[in-house]
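Starting from the structure of chain A, add chains B, C and D where the hints point.
The listed protein sequences derive, respectively, from chains A, B, C and D.
Sequential numbering of the first sequence, starting at 24, is according to the working numbering.
Sequential numbering of the second sequence, starting at 24, is according to the working numbering.
Sequential numbering of the third sequence, starting at 24, is according to the working numbering.
Sequential numbering of the fourth sequence, starting at 24, is according to the working numbering.
Everything labelled a hint here was simulated from the structure, so no lab data went into it.
Computed from a predicted model, the values in this text were never measured in an experiment.
There's no promise every hint is true.
Heads up, the list lumps identical chains together, so a pair's fine if it works in one copy or across two of them.
[What the hints assert, rightly or not] Under the rule of at most 20 Å between Cα atoms (straight-line distance), these lysine to aspartate or glutamate pairs were calculated in the EDC-like manner:
| id | residue 1 | residue 2 |
| --- | --- | --- |
| 1 | Lys-345 | Asp-199 |
| 2 | Lys-327 | Glu-210 |
| 3 | Lys-31 | Asp-370 |
| 4 | Lys-97 | Asp-120 |
| 5 | Lys-336 | Asp-59 |
| 6 | Lys-336 | Glu-290 |
| 7 | Lys-113 | Asp-182 |
| 8 | Lys-336 | Asp-191 |
| 9 | Lys-345 | Asp-192 |
| 10 | Lys-209 | Asp-192 |
| 11 | Lys-209 | Asp-182 |
| 12 | Lys-330 | Asp-191 |
| 13 | Lys-330 | Asp-182 |
| 14 | Lys-31 | Asp-192 |
Protein chains: 4
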Amino acid sequence: MGSVWGHKINISLFGESHGAAIGCVIDGLPSGLAIDFDAVDAQMARRAPGRSPLSTLRKETDRYEVLSGILNGKTTGAPLAVMIRNEDTKSQDYNPDILRPGHADYTAMTKYKGYADYRGGGHFSGRLTAPVVFAGAIVRQILAQQGIVIGARIYRIYDVTDEETAPDDVLDLLPDSFPVKNPEAKERMQQAILRAKSDGDSVGGIVECVAIHVPAGLGDPFFHSMESRLASLMFSIPAVKGVEFGDGFALAQMTGSQAGDGLSLQEGKICFASNHNGGINGGIANGQPLVCRVAVKPTPSIQKIQKTVNVMKGETVSVTVKGRHDPCIVPRALPVVEAMMAIGVYDFM
Amino acid sequence: MGSVWGHKINISLFGESHGAAIGCVIDGLPSGLAIDFDAVDAQMARRAPGRSPLSTLRKETDRYEVLSGILNGKTTGAPLAVMIRNEDTKSQDYNPDILRPGHADYTAMTKYKGYADYRGGGHFSGRLTAPVVFAGAIVRQILAQQGIVIGARIYRIYDVTDEETAPDDVLDLLPDSFPVKNPEAKERMQQAILRAKSDGDSVGGIVECVAIHVPAGLGDPFFHSMESRLASLMFSIPAVKGVEFGDGFALAQMTGSQAGDGLSLQEGKICFASNHNGGINGGIANGQPLVCRVAVKPTPSIQKIQKTVNVMKGETVSVTVKGRHDPCIVPRALPVVEAMMAIGVYDFM
Amino acid sequence: MGSVWGHKINISLFGESHGAAIGCVIDGLPSGLAIDFDAVDAQMARRAPGRSPLSTLRKETDRYEVLSGILNGKTTGAPLAVMIRNEDTKSQDYNPDILRPGHADYTAMTKYKGYADYRGGGHFSGRLTAPVVFAGAIVRQILAQQGIVIGARIYRIYDVTDEETAPDDVLDLLPDSFPVKNPEAKERMQQAILRAKSDGDSVGGIVECVAIHVPAGLGDPFFHSMESRLASLMFSIPAVKGVEFGDGFALAQMTGSQAGDGLSLQEGKICFASNHNGGINGGIANGQPLVCRVAVKPTPSIQKIQKTVNVMKGETVSVTVKGRHDPCIVPRALPVVEAMMAIGVYDFM
Amino acid sequence: MGSVWGHKINISLFGESHGAAIGCVIDGLPSGLAIDFDAVDAQMARRAPGRSPLSTLRKETDRYEVLSGILNGKTTGAPLAVMIRNEDTKSQDYNPDILRPGHADYTAMTKYKGYADYRGGGHFSGRLTAPVVFAGAIVRQILAQQGIVIGARIYRIYDVTDEETAPDDVLDLLPDSFPVKNPEAKERMQQAILRAKSDGDSVGGIVECVAIHVPAGLGDPFFHSMESRLASLMFSIPAVKGVEFGDGFALAQMTGSQAGDGLSLQEGKICFASNHNGGINGGIANGQPLVCRVAVKPTPSIQKIQKTVNVMKGETVSVTVKGRHDPCIVPRALPVVEAMMAIGVYDFM
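Just chain A, with the same shape it has in the complex (with noise of 0.2 Å):
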């Protein structure tokens, strides 16, 4: 049971990539507020394939109903609920007798005992994401209205890193499909991506996400800290397998004298000398920006051949994944991060 999260706000997800729908429930939205629909379509359509050559060929328009907790374009309070139907699904290119490797498959096949819905990954697939950037464009139009403002930026691809900057710097490269600082990383990443396309081949990537304005106090200790609260968010989309905040990892590199982030005095001000520890501690945010970095492998559905098995046969098999797959799902990832962003925090509120 996986598909529920959250204290304050709780989203119950569900569908299956080749079912009838996926959709969401969200309880915990508070009344009156009034939708801004046309921000939650561009949400929706920063994820939504098909419409670069960088991304894959499947159309989808995850175009979704609300079935509930809204009445004249308001919040109610009541539970939320939106469905998108699944549509341009090709079924037949998935065969339940073949593992892919990198993918649920076998897991899936051992924990429900060979009755999950295989195709397209079922409920495995990252086409649930959908409705988790539905309710994150929700989400965020409420953390909106005390300033709190969130974006993400592609960090890295395969072997090119962008430069450092400062969070307002990404929140500037939001409204770019392809957010990057540095041109000629940007440039150096989209034939990244390009050449693994050509070769059958796909490459994986970082999102760095910040979150500005988010005030000091929130969060709490131990089990429940803004990094285990975050982390337990962004280890739920698919294809991510590393989490870090501020330096995260570099941290294990440095001394406590280059890490401490000094404090002082300014105009009454409690100011930061730096922001290493990605504007928490103690699981608490200290109201400086929180900088969270996700690590996305590769997608392992790709045309190159690889080794698995055939269960039905029982036999070692060579197989090329079909079906119509992203040379690189990280650009498609951004608003999925962002949205598990805005939910971790509002959770928090």
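Chains B, C and D alone, transformed into the frame defined by chain A:
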């Protein structure tokens, strides 16, 4: 509210570093478990300070008292409560007006409006990991009955990294209080710590933790993925700022064809050619060793001068953190990381 | 946030009476369950209105669509989402300015600051029990595999009480849409309902629900006692204002020697001389039939004149509640109470 | 796992009647609360045994030690842990082989496979309500700051019922250790208890608990209705077998026109003509007094001969329950019921 964690097992943590006692209540243990308290003591000793020149001089015997849940040496099935009285505290070393940089002093002051117990970090102290180690020591005895074994090694200290090695080798290193595979790396790591100590500084590092024989099928999709649940525990450990599974961040710079853990059938059993995914696909264990690395920041309690704020006087001041502190907490973090892994795996069973 | 319940099973309820749809997401079902949809339909029909002169004339087909979680007629193990479109709504019957006495109109208006969907009670409508019955109909198929059978009878309507009877007799009454043991009491109960109907009034009653073959040992102490968990579900049903187990309130006027369920050994098995405790001791099932009674208040939707407030005009007014309403909801509550019992028992397994 | 409860507040209960200690961890208290420990002591004294000829002779001082969460008399915001050492236990009075009828002996033995602490009921002992009263005594101080006051009276003992009265009158009775409105009823209730005592028997009763000034709008629909949450707490109290709100079971024999709590505007404020619903509509407080009644069964610990089973010898035997027991636990249950009400109301705030 952050002191409570778990579904199958429920751990409720309490205590402040310089208060009367610390401890936890563990609900969800099976009845009839004959507890090996020598094994518990051994785990507690690994975490306890004052045992090595690489550690603090502070002596904490961490003598625990079991208050409930055990009768005639066996668990009753009712909640097991454990308490550790605080001793050898030098509360006068702590000044509530001075915010120690890199600590939770400022965020705790903000969140709790000045009423948090500031002495020695209060509830945010690393000392709170003692009951976690106790809980982990119980839980790993249950896991061991099912063949699941957990161990951790020091993967990096400051600028020294250990060599790559198989999970079984990590387990072989367990008896060592400073477990590193490569002897030369070990030597250089210890020198880095002693150098930091003599500089009045500190260094960070990375812990690698493995769990073998976790049965395939354990785990859940999405919000309760193995990665999500384990990361939420790992990020509960004070000073942890990054968590990765399998190749983690290194996956970001790989191609799909490099990262695919190809499957094959060998003597009727499913085998993997590699373990880039760290034993987890789609949030669910695949039967390979779980591999998790956590980045530990250098402790901010250093004697070097740091800039900070005296909130009572309303001025920026220079401080050197008093008290008896570790130049590197990575060695003492090993049993804590293992305990969190044990608790996390058990919670799925 | 009240729409989410459960540990082993998780039910997330959504919808408003006159919105687009109602439904729920059920997480935690086992995979591979072949669902008998005829049995589900039968349960839905028991709750659906418009089938009897004792009930409302409002027709709700309660035709449901399964959106996820089922493949080839069997559960996949992923969340099962179900949706029922709202039809035959007469929203114009409802005036948001008039607070219907005995309904949630005033409390919903207060809690949701005027934004709640007021039409037909919105999220507070008894209509929301339709997805509950659906969920219960699934769950009781799982219970039945383990021999656990659940049934309910009408124990009282207004001033007419049925005779005491054994749990097995209650189950025998199940096929009847108005299950009462004593034929004369049944006749008088129906007359009481028809009399209330012709008076433009309504009457309350008591439902008695039993579950047999619940295995001894199921349940938990204290906060998650069988009584606690089941009562939390029963009190979720709109109009329920009292819940008791075993002899319940009658125990208050008994002595310990009368109320003791003496034990004996018969052919090596533990037997009880009586079942005053309703199958539960210390929160845990003792193997005897679970017996639970719930008090259902008379529906406040009556044609008789009631005094209330027009909040827009700021004046006290007289109203007769329009819309097509039940003179007694007890008969339609039977499958809802059974569904809650099924969900509650399953959650402990 | 049943020892943990709550969303806003989290209470983790531990202990066994004859073990080292009982207690609880309370997470979710605000920081900076100056605790009136005299008021806490007064509540503890109301529950403690050995103070009246109507109660057991067993002396439990119930002296508690606060282990964490308080600094200089004020809450720190971190978990508050409290411990009560067990004293004056006569463990030899208990024989694990004899299942005491009406107790949890059989169900605990079954659930915990023979490993439960059987002495004095172990974790199922009414003694576990001492930490609950402690927690309630803290929480009601927070509620009192917002004007919310809670009190309970004895509504019935055996065959004697108190007269109906207004909630404010119930509060007026609070200083009395045997609070009954009607003096004659009080006299007869006490006689009933003394008669049961001299008979070696016991009697049950009903507690009525009220909470005034609970703000309208507090609560949630459905699964987390005020009734659901409060009932789950009330049914956690050992011996409680029935819970009702407002007129409760009496509503079953009323018509809608009798039961409607008509509304009117008086000086701009919404008023109710009656309170049949006990202050709750649709699961949400309506601003009227909350009224809850709980049925307490006669304690099964009686000297009269009961039939039961000796599991070791495998035979049916006759027993008289030894130990020092209450002929009626209703008077001592009053502060427990109030504590649960306080905890429940606070959890919604």
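Hint check:
{"no.": "1", "hint": "Lys-345 to Asp-199", "verdict": "neither (30 Å within a copy, 49 Å between copies)"}
{"no.": "2", "hint": "Lys-327 to Glu-210", "verdict": "neither (25 Å within a copy, 44 Å between copies)"}
{"no.": "3", "hint": "Lys-31 to Asp-370", "verdict": "both (5 Å within a copy, 13 Å between copies)"}
{"no.": "4", "hint": "Lys-97 to Asp-120", "verdict": "between (47 Å within a copy, 18 Å between copies)"}
{"no.": "5", "hint": "Lys-336 to Asp-59", "verdict": "neither (52 Å within a copy, 31 Å between copies)"}
{"no.": "6", "hint": "Lys-336 to Glu-290", "verdict": "between (73 Å within a copy, 14 Å between copies)"}
{"no.": "7", "hint": "Lys-113 to Asp-182", "verdict": "neither (33 Å within a copy, 50 Å between copies)"}
{"no.": "8", "hint": "Lys-336 to Asp-191", "verdict": "neither (55 Å within a copy, 32 Å between copies)"}
{"no.": "9", "hint": "Lys-345 to Asp-192", "verdict": "neither (39 Å within a copy, 38 Å between copies)"}
{"no.": "10", "hint": "Lys-209 to Asp-192", "verdict": "within (15 Å within a copy, 41 Å between copies)"}
{"no.": "11", "hint": "Lys-209 to Asp-182", "verdict": "within (12 Å within a copy, 30 Å between copies)"}
{"no.": "12", "hint": "Lys-330 to Asp-191", "verdict": "neither (45 Å within a copy, 25 Å between copies)"}
{"no.": "13", "hint": "Lys-330 to Asp-182", "verdict": "neither (26 Å within a copy, 37 Å between copies)"}
{"no.": "14", "hint": "Lys-31 to Asp-192", "verdict": "neither (31 Å within a copy, 37 Å between copies)"}
The structure does not agree with the numbered hints 1, 2, 5, 7, 8, 9, 12, 13 and 14 stated previously, though it agrees with the rest.
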